[in-house]
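Once you have looked at the hints, place chain E on chain Y.
The primary structure of each chain is shown beneath.
Protein chains: 2
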Amino acid sequence: MLTFIGLGLCDEYDVSVRGLEAIRKADAVFLEVYTSVLTGTTFERMEEYYGKKIIPLYREDVELHPEPILDAAAAGEAVFLTAGDSMVATTHADIRIRAAERGIATRIIHGSSITTAVCGLSGLQNYRFGKSVSVPFPHGKWFPMTPIEVITENLSHNLHTLVFLDIQKDKERYMKISEAVDLLEEQASRTGAKIPLYIGIARAGSKNPAVHAGNADEMRNFDFGSPLHVLIVPGTLHDIELEYLRRFAGLC
Amino acid sequence: MLTFIGLGLCDEYDVSVRGLEAIRKADAVFLEVYTSVLTGTTFERMEEYYGKKIIPLYREDVELHPEPILDAAAAGEAVFLTAGDSMVATTHADIRIRAAERGIATRIIHGSSITTAVCGLSGLQNYRFGKSVSVPFPHGKWFPMTPIEVITENLSHNLHTLVFLDIQKDKERYMKISEAVDLLEEQASRTGAKIPLYIGIARAGSKNPAVHAGNADEMRNFDFGSPLHVLIVPGTLHDIELEYLRRFAGLC
Chain Y
1 MLTFIGLGLC
11 DEYDVSVRGL
21 EAIRKADAVF
31 LEVYTSVLTG
41 TTFERMEEYY
51 GKKIIPLYRE
61 DVELHPEPIL
71 DAAAAGEAVF
81 LTAGDSMVAT
91 THADIRIRAA
101 ERGIATRIIH
111 GSSITTAVCG
121 LSGLQNYRFG
131 KSVSVPFPHG
141 KWFPMTPIEV
151 ITENLSHNLH
161 TLVFLDIQKD
171 KERYMKISEA
181 VDLLEEQASR
191 TGAKIPLYIG
201 IARAGSKNPA
211 VHAGNADEMR
221 NFDFGSPLHV
231 LIVPGTLHDI
241 ELEYLRRFAG
251 LC
Chain E
1 MLTFIGLGLC
11 DEYDVSVRGL
21 EAIRKADAVF
31 LEVYTSVLTG
41 TTFERMEEYY
51 GKKIIPLYRE
61 DVELHPEPIL
71 DAAAAGEAVF
81 LTAGDSMVAT
91 THADIRIRAA
101 ERGIATRIIH
111 GSSITTAVCG
121 LSGLQNYRFG
131 KSVSVPFPHG
141 KWFPMTPIEV
151 ITENLSHNLH
161 TLVFLDIQKD
171 KERYMKISEA
181 VDLLEEQASR
191 TGAKIPLYIG
201 IARAGSKNPA
211 VHAGNADEMR
221 NFDFGSPLHV
231 LIVPGTLHDI
241 ELEYLRRFAG
251 LC
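Sequence lines, in order, name chains Y and E. Anchor point for the first sequence: position 170 equals 170 in UniProt numbering, and the numbering is continuous, going up by one each time. Anchor point for the second sequence: position 1 equals 1 in UniProt numbering, and the numbering is continuous, going up by one each time.
Bear in mind the hints are in silico, worked out from the structure with no lab data behind them. Any given hint could turn out to be false.
Each pair may be met inside one copy or between any two copies, as identical chains are not told apart.
[As the list claims (entries may be wrong)] Straight-line C-alpha distance at most 30 Å; calculated DSS-like pairs for lysine-lysine:
(1) K194 to K176
(2) K169 to K53
(3) K53 to K207
(4) K207 to K52
(5) K52 to K25
(6) K194 to K53
(7) K194 to K52
(8) K176 to K52
(9) K176 to K25
(10) K207 to K25
(11) K141 to K53
(12) K141 to K169
(13) K141 to K171
(14) K171 to K25
(15) K25 to K194
(16) K194 to K207
(17) K207 to K141
(18) K52 to K141
Just chain Y, with the same shape it has in the complex (with noise of 0.2 Å):
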């Protein structure tokens, strides 16, 4: 059996009961490290906690070399861990494809995801969101403008954008608040595109979570503190999302 389980938010107290179960009952635990992180714990804290040594993945053994994971999977229980929710890009489904085909048993244990955490901290409806979008860092000419387009179209229907901020985990850098803002007001000056408001939110999940709304030189000026940092970009707010944000997002 191979058991996908999401991790949640933060750190080692975030996968739920039956996930903990889970990986506790295991015959072999593997964490995907390169695509997200939990950044409130450390390795060797979730080791301990879990009771379990855990074999790190790189992406190169899951897209190219899983015969491991899978013949773990085939000969007892392994449980393949992510932060946030399980399989919320496609990045895993390949593996899961694979192991069906190896005729193993597999399931879904769900965490808590920032797709959704971002509407409790910010009041914002979770239905008024439109497409998603990723800000990479720019590296040499290449500099794309996908972000402030599918702003751009969400904002002409009214409609929330969450903006997900680049992670390179090899190099462990995470891209900030204040460094997105540039990239975006950057787009947004070649395309005439004005962005009225951003909530910037930093450590969701964690005990200290900050949410901060407010133009780009605001956004530019607040302290987030450490990462992982997202944004969101919202429509026209409703009365009550506007006193939620200024009772929990500083908006003035």
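Structure of chain E alone, referenced to chain Y:
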């Protein structure tokens, strides 16, 4: 302190370890019982597992007479439990604002949510979803066209649509996939829209979720079993999404 805790998808074991600890330490435990439900358990089983008497909250308890909740939060540790993740809709934003007005500290402990669970279960990428929509039970002559309008708009941008099905908690009435498909097909016939493919998902987060993809007739004839049901109307599928649906959702 007032702590909002998302209980996750299905039963008492889907809460996070952090959430469970907060419940067990609480002086007062409130459960919101009017917008959603954990279909895999009962009120009594939750009380036994959490080791606490649970006070059920109906709409009027939260929206009209929240004083007992706020009094408990002012006097000690109160937890406010909901199925799924907390405050994904603004339904409970108001009580967090009222708590803040009284100087009561608040925080959120997140839980797994159907919004992202459908990604893992269907293999569809989260960032390709547009705005989501709900299909309400029709009553009298009122027949909302919003669902087909949102779906059509998303399809025109090649985006997936997550379709929530109505829950009438007080009547223990949960819309089935077959009922929702009938309503959507009726709406589509009025606007001339075509929905070529549906993905039905039942009991996400349970040990036996049902996931099935097909056209309207296949949705009507497939036995999805007990609630809760949701639907996805996908945009054009990538190869890996197609293969995933063939493997795990019976797509022909």
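Structure-based check of each hint:
no.	hint	verdict
1	K194 to K176	within (21 Å within a copy, 43 Å between copies)
2	K169 to K53	within (21 Å within a copy, 44 Å between copies)
3	K53 to K207	both (27 Å within a copy, 26 Å between copies)
4	K207 to K52	both (26 Å within a copy, 24 Å between copies)
5	K52 to K25	both (9 Å within a copy, 27 Å between copies)
6	K194 to K53	neither (50 Å within a copy, 51 Å between copies)
7	K194 to K52	neither (50 Å within a copy, 51 Å between copies)
8	K176 to K52	neither (33 Å within a copy, 41 Å between copies)
9	K176 to K25	neither (38 Å within a copy, 35 Å between copies)
10	K207 to K25	both (29 Å within a copy, 16 Å between copies)
11	K141 to K53	neither (43 Å within a copy, 61 Å between copies)
12	K141 to K169	within (22 Å within a copy, 55 Å between copies)
13	K141 to K171	within (21 Å within a copy, 60 Å between copies)
14	K171 to K25	neither (33 Å within a copy, 40 Å between copies)
15	K25 to K194	neither (52 Å within a copy, 47 Å between copies)
16	K194 to K207	neither (33 Å within a copy, 47 Å between copies)
17	K207 to K141	neither (39 Å within a copy, 49 Å between copies)
18	K52 to K141	neither (45 Å within a copy, 59 Å between copies)
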